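Under my numbering, the first residue of the sequence shown is numbered 950, with each subsequent residue one higher.
Simulated from the structure, these hints should not be mistaken for laboratory data. Since the model is a prediction, treat every value here as computed from it, not as a measurement. Heads up, some of the hints might be wrong.
[To be verified] 20 Å max Cα-Cα, derived SDA-like pairs, lysine to any residue: (1) Lys1001 with Leu979; (2) Lys986 with Lys1004; (3) Lys957 with Leu979; (4) Lys1004 with Asn1019; (5) Lys992 with Ile954; (6) Lys1010 with Pro985; (7) Lys1001 with His963; (8) Lys1006 with Met950; (9) Lys977 with Gly1005; (10) Lys1006 with Lys992; (11) Lys1001 with Glu988; (12) Lys972 with Ile997; (13) Lys992 with Gly969; (14) Lys1006 with Ala967; (15) Lys972 with Gly982; (16) Lys986 with Val970; (17) Lys957 with Lys1010; (18) Lys977 with Lys1004; (19) Lys1004 with His963.
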Amino acid sequence: MDIGIAIKDIGVSHVATACGVTKKAVYKWLEKGSLPKTEFFEKTTYAITIEKISKGKYLAKDLLEASKRNLLAE
């Protein structure tokens, strides 16, 4: 799973609106290849939101796993 594929497939604007963040924030996720660290401390639920707006095409657990992999690679 690649975060970028999911976001680009859904659309940056749609993801930003659904998650309540700016498009700039979503582009930052694309650049890093991961969702923000706040996802792992349960302060945000962007992965769940992305799963919902993709109608289950992209699962939250897969998005989080990909994010974790990319964050640990930094």
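Evaluated hints:
no., hint, in the structure
1, Lys1001 with Leu979, "holds (19 Å)"
2, Lys986 with Lys1004, "violated (24 Å)"
3, Lys957 with Leu979, "holds (9 Å)"
4, Lys1004 with Asn1019, "violated (24 Å)"
5, Lys992 with Ile954, "violated (24 Å)"
6, Lys1010 with Pro985, "holds (14 Å)"
7, Lys1001 with His963, "holds (12 Å)"
8, Lys1006 with Met950, "holds (11 Å)"
9, Lys977 with Gly1005, "violated (23 Å)"
10, Lys1006 with Lys992, "violated (23 Å)"
11, Lys1001 with Glu988, "holds (16 Å)"
12, Lys972 with Ile997, "holds (18 Å)"
13, Lys992 with Gly969, "holds (14 Å)"
14, Lys1006 with Ala967, "holds (16 Å)"
15, Lys972 with Gly982, "holds (15 Å)"
16, Lys986 with Val970, "holds (15 Å)"
17, Lys957 with Lys1010, "holds (18 Å)"
18, Lys977 with Lys1004, "violated (23 Å)"
19, Lys1004 with His963, "holds (13 Å)"
Hints 2, 4, 5, 9, 10 and 18, counting from the list given before, are not met by this structure.
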